[in-house]
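Chemist: Here's the letter readout for the chains.
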Amino acid sequence: MAIRFERIQRELRGSAIALLMVAATTLVVYALAASLEIRRGSAVYLLPVLLAGWHLGLIPALVAAVAGVLLSGYFFFSPYYSFFVARPNEFVTLLLFMVVAGVTSHLANSMKQQTELARKREKEMSDLYAFSRRLAVAPSAADIHRAIEEHLANLVQRKVVLFGAGPRRETASEAAPLSGRVHAAIAEIQEGRTASTIVDDGAGDIWLVRRVSEKTADFGVIAIDLGSVPAEKIEEVRQRVDEVLADAAATLERLDVARVLNDAKMRSETELLREALIGSVSHELRTPLASILGAATVLSQSPEVARDERLNSLAGVVRDESERLNNDIQNLLDATRVSRQQITPRAEWIEPQDIVNSAVERRRRYLAAHQVLLDLETNLPLIYVDAVLVEQAFVQIVDNAAKYSPAGSPIILSAKRNASHVVLSVRDVGAGLTAEEGTQIYERFFRGKRHVATTSGSGLGLWIAQAFVSANGGKIEAESAGIGQGTTVAIHLPFATPTNQPEVGPDE
Amino acid sequence: MSEAKPLALVVDDEVQIRRFLRAGLELDGFAVEEAENGSEALRSATLQPPDLVILDLGLPDMDGSEVLERLRGWSTVPVIVLSVRSHEGEKVRLLEKGGDDYVVKPFGMAELLARAHAAMRRYARASTGEPVINIGPLSIDLAARIVTVHGARVMFTPKEYRLLQLLAQHAGNVVTHQFLLKEIWGAPHLNDTHYLRIFMRKLRQKIEANPTQPRILLTELGVGYRLVTPEAAAASASGRV
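Sequences listed follow chains A and B, in order. For the first sequence, counting from 1, position 38 maps to 180 in my numbering; every step adds exactly one. For the second sequence, counting from 1, position 128 maps to 141 in my numbering; every step adds exactly one.
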C-alpha cells in the first residue's frame, strides 16, 4: 500500500513539474510569436515532453504532451484563444504531434532506464572486480572472510556478520557484539541442524541467520541484521535477501573461493607446523652434535691420534663439519625466531670494535683460509645496541664474504663512523653482486642463481642479519661494482651519547 | 700417584656428553665422577668433594642453577657451566650465583679445560697467596700493586687499577659487567655498562700492543670481560667453537 501511494505522489509531482515546463514554453513562444511571426508553434512542445520523459518518467511526459496539444491549439491555431481547431489539416497536425510526443516521451523514458541500468551494471562489475582482486591477494582465510563479509554487506545493504564454516567459529569481525540468541542460531546452523532461521535478538532487531550458500557450507554462516521489521513483512525481506545471496553464492563459487580459502588455511597451518618442527628438531639435533664435536676434539688430543697426521686430520674434518652443521641449525633457529617475531633486543652500551673482534674470534677457524684484515678506527663513539644480536648479524655477513670469495683472498673488516652512524663493514674481492642480486639478497631463502650449483647455503643468512640489525634500529647496505668485482656489506648503527658519564673523581 | 689426581664431577643427563667429557678429562689427568641428575650430583659432591664440577643446565630433576645454589651453600669448588647460545641473561645469572665460568654447547675440549684450569688456579692462588700473574709481556703483582709491560712500569688511576685487579684475580675466567660495576662504582651503577667501556678503553691503551684488537682484555658480548691467560690464548688459537 505504502509503495503505491508513494508512487502516485511521485507521478503527481512529476506531472506538476511537466505542466510548469509546458507553461514556461508557452510563455516564451508566445512572447516571441508576436515579433517573429511564428505560427503553428506546436513542435516547440516536444522540448518539455522530452525533458519530462528523461527526468520525470512516462506519465509526466504524457501529461506534458497532452498539455502541449491543448495549449498549441489554444494559442497557435486559428481560431486563436480557443481550444477549437477549425481547419482539418491543422487538426491532423495536432494529432501527429500527439503521436510524436507520445513516442518521444516513451523513447526518452526507456533510454533513461537503459542508461541507469548500464551504470548500475558497471558499478556491480567494478565492485565484483575489486572483490575478486581482493580475494586473490588475501593472505589468510580470515582476510578472505573479511572480504566476503564486506562484499555481502554491500550487496544486502545491511549489517552482516560472517562466521567460518567450521566449529571453531572464527568471525571475520571480532568486534561485532551479538546477542546470545543470535550466537545460538549461528551454532545451530554451523552444526548443520537447520539451513536458515529467523531470530529476534531481544533488543528489537530481527536477524536472518543462514548459510551463505544453500549448496555448500564452505562459505560459512551469515547473520544479517534486518532491523525492526514487522512480522508480516519478514517473509518478503527474507526473499529479497535470499535472492541477493543466491547471486552472491554463485559468484563465490565462480571465483573458486572455497579453494582459495582452503589454500590459505593450509598455508598458515603448514607454516606453524614447519616452525614447530624446526624448533624441536634443531634442539634434538644439537645435543648429539655437541657429543660428536666434543668427542672429535678429545680424539684429536689423544696421543695416538695426535701422532698420526691422517687420523688427526680426520678428527679435524669431524669437528669442522659438525661446526658447520651447528651453524646451519643455529640459522634455522634464528630464522624461526625472526618469523615468530621473537627478537627482543637487550641493549647496552658497547664498544663497536668489540663486536668485530668477537665475530673474528668466533669464526677464526672458518676464516682460516682467508686473509682477514682489520681496519678499526680508534675512539669510535659507543653504540647502544644488543651486542649479541649485532655480532650474530656481522658473523652472517663475514660468513658470506668467506663463502663467495676465493681462498687466500683478503677480507677487510672495518669499523668507522660518519656523522650519525657507526658503520661496521665487510669487504671482499669475490663474486660480487649484479644490480638485480643487490636488491634480492635480503629476501628469505634467496640464493644467487649463479651460486646455487657451486656453493651450499640456505639463503637465510642475510635475511636474519637484516632482522637482527633493524631490531637494533640499524640498517644493512650492500654495494658491488658487479660480477667478480667484490662486495661490501655494511651495518649502519646510530650512535648517541650516554646521558651520564662516570665521574672524574679525585683519583683521576 | 692416583690419589694426587684432581677429581672432576661431571653432571649431565646425556650419556654421550658424559662419555666424551670423561675421556677428555682423564686424558688431561683428572679422575672423573659422573652424575646424571641434580640430587645425584649433590650426593656425590658431599660424599667425595670434587676439585672441579662441570654442570649442565638442563637436568631432569632440578634446574642447574638450583644445584649450583645448593652446592655453594657449603662448597667453594670451581664450577664450569655448560650453556646454550643466545642465553646471555642465563649465563650472567649463573655466574652471579657462583659459577666460575661457562662454555657454550657445542664446545671443544681444549676450551673447557682452559676455563677449568683457570678457575682451579684461582682457588689455588687464594689459598697459597701467589701474588704475581704473568700474561705474555704483562706482569701484574697483586700484592705490590705493580703492573709492568715488557718490564716497564705502567701507571693507573685507582679505578683503572681496580678494574684490572678484579680481572686479574679471575684471570682466564669471565667476570660479569654487574660484578665489576658493583665492585668499582657501587650498586646504583649496575646498568651503566658505558662506565666499563670507557675505563676498558683506557686500560687497553695502556696494556695492549694494539688497543683496537685486544689480545689480553677480551670482551664477552652481553656478559662481561675476560683477562686471557696464555693457556686460554693457546686453546683459542687452536680454534674454539
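Note that these hints are calculated values from the structure, not bench results. Note that the structure is a prediction, hence the values are computed from the model and not measured. Cβ atoms here follow ideal geometry from the backbone N, Cα and C, with glycine treated the same way. Treat the hints with care, as some may be off.
[As the list claims (entries may be wrong)] Some chain B residues well away from chain A (every beta-carbon gap over 10 Å; in silico):
no., residue
1, E101
2, G111
3, F120
4, S152
5, H190
6, T206
[To be verified] Stretches of chain A that chain B covers, calculated by requiring three or more beta carbons in the stretch to come under 8 Å of a beta carbon on chain B:
no., stretch
7, 371-382
8, 436-448
9, 461-470
10, 488-499
11, 565-578
Chemist: It remains to establish, for every hint, whether it holds in the given structure.
Modeler: Hints and how they fare:
Its closest Cβ contact with chain A, about 6 Å, brings B:E101 to no more than 10 Å, contrary to its assignment away from the interface. Distance check for B:G111 against chain A: the nearest CB is about 23 Å away, which clears 10 Å, and the non-interface claim stands. Remark: the non-interface label on B:F120 conflicts with the geometry, its nearest Cβ contact in chain A lying 7 Å away (cut-off 10 Å). Look at B:S152: its CB is around 23 Å from the nearest CB on chain A, clear of 10 Å, so calling it non-interface holds up.
For B:H190, the condition that its CB be more than 10 Å from all CB atoms of chain A is violated, with the nearest at approximately 8 Å. A cut-off of 10 Å between C-beta atoms contradicts the statement that B:T206 is not in contact with chain A; the least separation is 5 Å. Residues of the stretch 371-382 of chain A with a Cβ under 8 Å from some Cβ of chain B number 0, which does not satisfy the need for three, so the listed coverage is violated. For the stretch 436-448 of chain A, the proposed coverage by chain B is satisfied: 6 residues have a C-beta within less than 8 Å of a C-beta in that chain, meeting the threshold of three.
Given as covered by chain B, the stretch 461-470 of chain A passes the check, having 4 residues with a CB less than 8 Å from a CB of that chain where 3 are the minimum. Requiring three or more residues with a Cβ within less than 8 Å of a Cβ of chain B, the coverage given for the stretch 488-499 of chain A holds, as 9 such residues are present. For the stretch 565-578 of chain A, the stated coverage by chain B is violated: 0 residues have a C-beta nearer than 8 Å to a C-beta of that chain, whereas at least 3 were required.
Hint violations for this structure: numbers 1, 3, 5, 6, 7 and 11, all remaining hints satisfied.
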